[in-house]
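Undergrad: Now for the letters of each chain:
Number of protein chains: 4
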Amino acid sequence: PTKDRFFAPYAIYKGKASLSVQPVLPTFAKLDSGYLKVARRGSMMLTFVPAIGERKYDYGKKQERLFSFVLITILQNFALSATEIGSLISMGPNDSSEFFHDPGKLSSTDGQVRKSLSIKPLANSSGYFIGLTVVNNILKTNERFSVPVTTAEFAVLKAACSFALPHIMGWNKLTNPPAAGSAVGS
Amino acid sequence: PTKDRFFAPYAIYKGKASLSVQPVLPTFAKLDSGYLKVARRGSMMLTFVPAIGERKYDYGKKQERLFSFVLITILQNFALSATEIGSLISMGPNDSSEFFHDPGKLSSTDGQVRKSLSIKPLANSSGYFIGLTVVNNILKTNERFSVPVTTAEFAVLKAACSFALPHIMGWNKLTNPPAAGSAVGS
Amino acid sequence: PTKDRFFAPYAIYKGKASLSVQPVLPTFAKLDSGYLKVARRGSMMLTFVPAIGERKYDYGKKQERLFSFVLITILQNFALSATEIGSLISMGPNDSSEFFHDPGKLSSTDGQVRKSLSIKPLANSSGYFIGLTVVNNILKTNERFSVPVTTAEFAVLKAACSFALPHIMGWNKLTNPPAAGSAVGS
Amino acid sequence: PTKDRFFAPYAIYKGKASLSVQPVLPTFAKLDSGYLKVARRGSMMLTFVPAIGERKYDYGKKQERLFSFVLITILQNFALSATEIGSLISMGPNDSSEFFHDPGKLSSTDGQVRKSLSIKPLANSSGYFIGLTVVNNILKTNERFSVPVTTAEFAVLKAACSFALPHIMGWNKLTNPPAAGSAVGS
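Going line by line, the protein sequences match chains A, B, C and D.
Going letter by letter, the first sequence gives residues 1 to 186 in the numbering used here.
Going letter by letter, the second sequence gives residues 1 to 186 in the numbering used here.
Going letter by letter, the third sequence gives residues 1 to 186 in the numbering used here.
Going letter by letter, the fourth sequence gives residues 1 to 186 in the numbering used here.
Extracted from the complex, chain A is given alone in its bound form (with noise of 0.2 Å):
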């Protein structure tokens, strides 16, 4: 109903790194037939920022004026997939999970960055270490921050993802599908 957007990270402030995470709902476009059909897939965006001092966060303010070049380096997100989401959202408290990601796949740049995300579990189960390493071989840079995430914020976070994985995927705007072509039903 209304046009307004939002912006409302869940975000974890820790020592070295803050991680913040969002969904990033799916775009759709419009059939020939009139029906609309996913353009654009939708995902959980996690995004993890330096700190450059005590509880205080680089979110490149001013250094975008400043040093453009920087802050590209500054930031990094990593898009979780409704089946990524699914991974997390199944894990027990002793497991781990890992997600590669190559944003220049099926581009000029294939193979150039190489993402990771690892989500382990901490010593007596108390939570989960969420890491995101990037190895970029055109800018030759290897970045890697780490991010403790608790028992409760990690309970926040399967809530979330959980409450938005239909939208993620599309279904909060369920309705009926189109006829089965000539298939046969039931």
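None of these hints come from the bench; they were simulated from the model.
Take the hints with a grain of salt, since some may be wrong.
[Said to hold, decoys possible] The calculated SDA-like cross-link candidates involving lysine to any residue, where the alpha carbons are at most 20 Å apart (straight line), are:
no., chain 1, residue 1, chain 2, residue 2
1, A, K120, A, I138
2, A, K105, A, T133
3, B, K158, B, R114
4, A, K173, B, T27
5, D, K120, D, P93
6, C, K14, C, P121
7, B, K14, A, F99
8, C, K158, C, I89
9, D, K37, A, P9
10, C, K173, C, Y35
11, B, K37, C, K37
12, B, K158, C, S162
13, A, K173, B, M45
14, D, K120, D, R5
15, B, K14, B, T150
16, A, K173, A, V38
17, D, K14, D, A123
18, C, K37, D, P93
19, D, K173, A, R114
20, C, K120, C, P93
21, D, K158, D, A11
22, A, K158, D, M91
23, B, K173, C, F28
24, B, K37, C, Y35
25, B, K173, C, L25
26, D, K173, C, N172
27, D, K14, C, S81
[As the list claims (entries may be wrong)] To spell it out: a stretch of chain C is covered by chain B in this simulated footprint if at least three of its residues, at any positions, have a beta carbon under 8 Å from a beta carbon of chain B; those stretches are:
no., region
28, 6–19
29, 142–153
30, 160–167
[Stated by the list, open to error] Chain C residues, not near chain D, derived (Cβ > 10 Å throughout):
no., residue
31, L31
32, V38
33, A82
34, T83
35, E84
36, S90
37, P103
38, S108
39, G170
Glycine included, every Cβ here is placed at the ideal spot set by N, Cα and C.
Add chains B, C and D to chain A, keeping to what the hints say.
TA: Here is chains B, C and D on its own, set in the frame of chain A:
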């Protein structure tokens, strides 16, 4: 609020076939009393499509015109009822389920087409095989599909089915039901 | 947005009786302050109907005109409160629950009609018996209903109750509550 | 769609005090970019009220006029943050939690009022004690509330908190977030 119809299946592409899943909402009919009652039940539609090459799936677009007979047997659907969805979402990692449908039930083709959907755990709890067998005594065909589904993909299916279940039951349109007749309250 | 009223019970048909379940939303009354407060609590309405033949259930349509007295005892309702729903959704596979209601409580018929709903596990964790006993000292009747419910059907009941619970509590109308009086914040 | 404000707490009435729970939604402020950002975080508000007689609770209506000083200490609130809600909803039957708040934090009364909320399992896993202690060095008061909560009531709290959490985080207003600056995508 909007009349747009959305097409947003959750699709799992594997070597020999793809499985895509999308809810079908119930339809309602107006009763004399003015109340709307479920006319056709909702379901979770599972669609199996065979792969016709490496990572290509035959959705029958062109074929629809050229070989409309063939298309009939290319796609196969299986519509899970609310109770069958309840069975799926309550499955533990080592549980199996099997569902049987007769699309011609109570019609002149009663018993001529038999469909069975089976969900069986993979070795070492790493996911499930979701298989569909369709025996069609009219066309003298016997088709089998089998799609291995990872734990993460099954977690998406479970979460998506849990989200969709109340919509499939029509409960997202919740409102106060008709006064409980002359029955004793409480 | 719509004023239509929907009738979409989840019904379980078994040999001797059917059990159908549908939420009843709370009603609200406007306070002097302009706030809306719950006037009548919501509930999950369970309706038991005896089978009057093989797979036929007596919903009392015709009877309503002919034998309106009989109808009173044909249907029996039991309205689960929010806390009773909490009890149901937290039941493990071997747990039992029993709830007692007095529909005439605090009225002139206090204690004259006693209803008890029991949920008991079936052998080998294959589901539950859901039974209702109604002892009516005014009509000198004593009715019993018992419906065996499979694990899958109970999973639907749990999922549907979990979905409906916030609606029954009125929390789907969430908004900022009245300023917290003169109480100390935080 | 409606501007009506609703008052629909989930209330647990016990011998010495009542505990009522209702979410408080976040407020949003418009950024220069046109995006809405969370201005004041949402929370789950727990309100403890002492019983002033058998099953009567002192909501301070009359007292508010007569003894406004007394009222200040009659009600006590505790606003759970998103992460504290995460802690509550991930509690197992034998887990404990304790949360500390300083309502005067970063103000001139920093450290003068200390609130602690504790959730402790009852014997034989039959529920929890939810207790609030408020030490007010300004008023020289020390208040304690303790409400025994059954397993069923706690299940309602968990389910209601799980439902409310995304609303408290502002995620029910989900939409596509601002373009991710100049950060590398994927």
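Undergrad: Hints first: check each against the structure and report whether it holds.
TA: Hints versus structure:
Of the supplied pair hints, the one linking A/K120 and A/I138 is violated, its CA atoms being roughly 29 Å apart against a limit of 20 Å. Restraint check: the Cα-Cα separation between A/K105 and A/T133 comes to about 17 Å, which is no more than 20 Å; the hinted pair holds. Note on B/K158 and B/R114: the hinted pairing is violated, with a Cα-Cα distance of about 25 Å set against a maximum of 20 Å. Of the pairs offered as hints, the one joining A/K173 and B/T27 holds, with about 16 Å between alpha carbons and a cut-off of 20 Å not exceeded.
Note on D/K120 and D/P93: the hinted pairing holds, with a Cα-Cα distance of about 9 Å set against a maximum of 20 Å. For the proposed pair C/K14 and C/P121, the alpha carbon gap of about 17 Å is at most 20 Å, so the pair holds. A C-alpha spacing of about 19 Å is found between B/K14 and A/F99, which places the hinted pair at or below 20 Å, so the restraint holds. Taken as a hint, the C/K158 and C/I89 pair is honoured in the structure, with Cα atoms around 5 Å apart against an allowance of 20 Å.
Our distance criterion of 20 Å between C-alpha atoms is met by D/K37 and A/P9, whose separation comes to about 9 Å. Distance check on the hinted pair: C/K173 and C/Y35 sit about 12 Å apart at the alpha-carbon level, within 20 Å; holds. With a C-alpha separation of about 29 Å, the suggested pairing of B/K37 with C/K37 is violated against the 20 Å cut-off. This hinted pair checks out: B/K158 and C/S162 have alpha carbons roughly 15 Å apart, not beyond 20 Å.
With a C-alpha separation of about 16 Å, the suggested pair A/K173 and B/M45 falls inside the 20 Å cut-off, and the hint holds. Annotation: proposed proximity of D/K120 to D/R5 is violated, straight-line Cα distance about 34 Å (limit 20 Å). Proposed proximity of B/K14 and B/T150 is supported: the alpha carbons are some 11 Å apart, at most 20 Å. Simply put, A/K173 and A/V38 have alpha-carbon atoms about 11 Å apart, close enough for the 20 Å limit, and the pair holds.
As the CA atoms of D/K14 and D/A123 are separated by approximately 18 Å, the hinted pair is consistent with the 20 Å bound. For the proposed pair C/K37 and D/P93, the alpha carbon gap of about 33 Å is over 20 Å, so the pair is violated. Straight-line distance between C-alpha atoms of D/K173 and A/R114 comes to about 33 Å, which puts the hinted pair past the 20 Å bound. Taken as a hint, the C/K120 and C/P93 pair is honoured in the structure, with Cα atoms around 9 Å apart against an allowance of 20 Å.
Distance restraint check for D/K158 and D/A11: the Cα-Cα separation of roughly 14 Å lies within the 20 Å cut-off, and the hinted pair is therefore satisfied. Annotation: proposed proximity of A/K158 to D/M91 holds, straight-line Cα distance about 14 Å (limit 20 Å). Restraint check for B/K173 and C/F28: satisfied, since their Cα atoms lie roughly 18 Å apart, inside the 20 Å limit. For the suggested pair B/K37 and C/Y35, the alpha carbons sit about 33 Å apart, so the restraint of at most 20 Å is broken.
Taking the CA atoms of B/K173 and C/L25, the gap is near 11 Å; set against the 20 Å cutoff, the hint holds. Between the alpha carbons of D/K173 and C/N172 the distance comes to roughly 14 Å, so the proposed pair stays at or under 20 Å and holds. With a C-alpha separation of about 17 Å, the suggested pairing of D/K14 with C/S81 holds against the 20 Å cut-off. Counting residues of the region 6–19 of chain C whose CB lies closer than 8 Å to any CB of chain B gives 5, so the stated coverage by that chain holds, three being the minimum.
By the rule of at least three residues with a Cβ nearer than 8 Å to a Cβ of chain B, the coverage given for the region 142–153 of chain C holds, with 4 such residues. Beta-carbon proximity to chain B at under 8 Å applies to 4 residues in the region 160–167 of chain C; the threshold of 3 is reached and the given coverage holds. At roughly 7 Å from the closest C-beta of chain D, the C-beta of C/L31 falls inside 10 Å, breaking its exclusion from the interface. Not every Cβ of chain D is farther than 10 Å from the Cβ of C/V38; the closest lies at roughly 5 Å, contradicting the non-interface assignment.
The Cβ of C/A82 does not lie farther than 10 Å from every Cβ of chain D; its closest approach is about 5 Å, which violates its non-interface assignment. Once the 10 Å rule is applied to beta carbons, C/T83 is inconsistent with being away from chain D; the minimum gap is 5 Å. Distance check on C/E84: its Cβ comes as close as 7 Å (rounded) to a Cβ of chain D, failing to clear the 10 Å threshold; non-interface status is violated. A beta-carbon of chain D comes within 10 Å of the beta-carbon of C/S90; the shortest separation is about 4 Å.
No beta-carbon of chain D comes within 10 Å of the beta-carbon of C/P103; the shortest separation is about 21 Å. With 10 Å as the threshold on Cβ separation, the claim that C/S108 sits away from chain D holds: the shortest Cβ distance comes to roughly 22 Å. With a cut of 10 Å on Cβ distances, C/G170 falls inside the contact zone with chain D, its closest approach being about 3 Å.
Of the numbered hints stated above, those contradicted by the structure are hints 1, 3, 11, 14, 18, 19, 24, 31, 32, 33, 34, 35, 36 and 39, listed in ascending order.
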